[in-house]
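Undergrad: So the sequence shown is residues 1 to 201, counted in this note's numbering.
Calculated from the structure, these hints are not laboratory results.
Among these hints, one or two may not hold up.
[What the hints assert, rightly or not] Straight line, CA to CA, 25 Å or less: simulated BS3-like cross-link-like pairs of lysine-lysine: (1) Lys92 x Lys178; (2) Lys51 x Lys133; (3) Lys56 x Lys133; (4) Lys74 x Lys91; (5) Lys89 x Lys74; (6) Lys51 x Lys157; (7) Lys178 x Lys133; (8) Lys136 x Lys51; (9) Lys150 x Lys56; (10) Lys89 x Lys181; (11) Lys157 x Lys56; (12) Lys181 x Lys133; (13) Lys51 x Lys139; (14) Lys155 x Lys51; (15) Lys181 x Lys139; (16) Lys83 x Lys181; (17) Lys84 x Lys181; (18) Lys150 x Lys51; (19) Lys178 x Lys51; (20) Lys89 x Lys178; (21) Lys155 x Lys56; (22) Lys181 x Lys91; (23) Lys74 x Lys92.
[As the list claims (entries may be wrong)] Derived Cβ-Cβ restraints for the label pairs, each shown as a range: (24) Arg142 x Glu69: 20 to 28 Å; (25) Asp88 x Lys178: 12 to 20 Å; (26) Glu31 x Glu185: 23 to 31 Å; (27) Pro30 x Thr148: 22 to 30 Å; (28) Lys136 x Asn189: 34 to 42 Å.
Computed from a predicted model, the values in this text were never measured in an experiment.
Ideal Cβ placement from N, Cα and C applies to all residues, glycine included.
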Amino acid sequence: MELINHLIQNITEKGLTPSINLDRPLFVQPEDRMEFRAARIAVILGILNTKNGLSKNVIACVDFLLRNEAFQSKFILEYFNGKKNIVDKIKKFETTQQVEIDFNIVQYKSVPWDIRFNDMFMYLYTRNLLAYKSDKDQKNIRLFLTDTGKTYFEKIKDAFPREHNFLDLFGTSIVEEKLIKIITEVIPNSYWKQNATFDNK
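Between the sequences and the hints, there should be enough to build the whole structure, so can you do that?
TA: As structure tokens, this is what we get:
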């Protein structure tokens, strides 16, 4: 102990006391940034169902797939199952990285809704990038890009190449009922049960 105290004293006398900056900026993941996630929603709206817009639930499902790339191949197989062009769709789908399924993912029981979605929609809406329409009872709300939003989409779309690669498989439209069923039923039944099996071993 005496030796340690002597060492500390020598370091202090020579002015070598380390300085620790507790104000160092922390690295923020893109998924934690409002601007990034709102921009990705703009990309979704800029590619899919551009004529009639998308419901909040559909946006949530597509965003889930873009955030969790490991489920994209499964989704493609299920969505195009029975279609003559399924092989072409699989070949067209290019992924540059090996993605493992994260079995620690939050296991949703319905639409994978993120409480921050409404904040993202408001972020786009207040900047005149997003608009919405609904029926007379204010139900069946559809979100779509404004003209300003379409210009914004054209500027940012190249910053999301992997997202573009996946979304382009579905053209300008996607069968929403099929999309939601795969996300809320097929994927959970395929992977959540598998996860439960692993946990019980």
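Undergrad: Sort out which numbered hints this structure fails and list those numbers smallest first.
TA: Hints that this structure does not satisfy do not exist here, as all of them hold.
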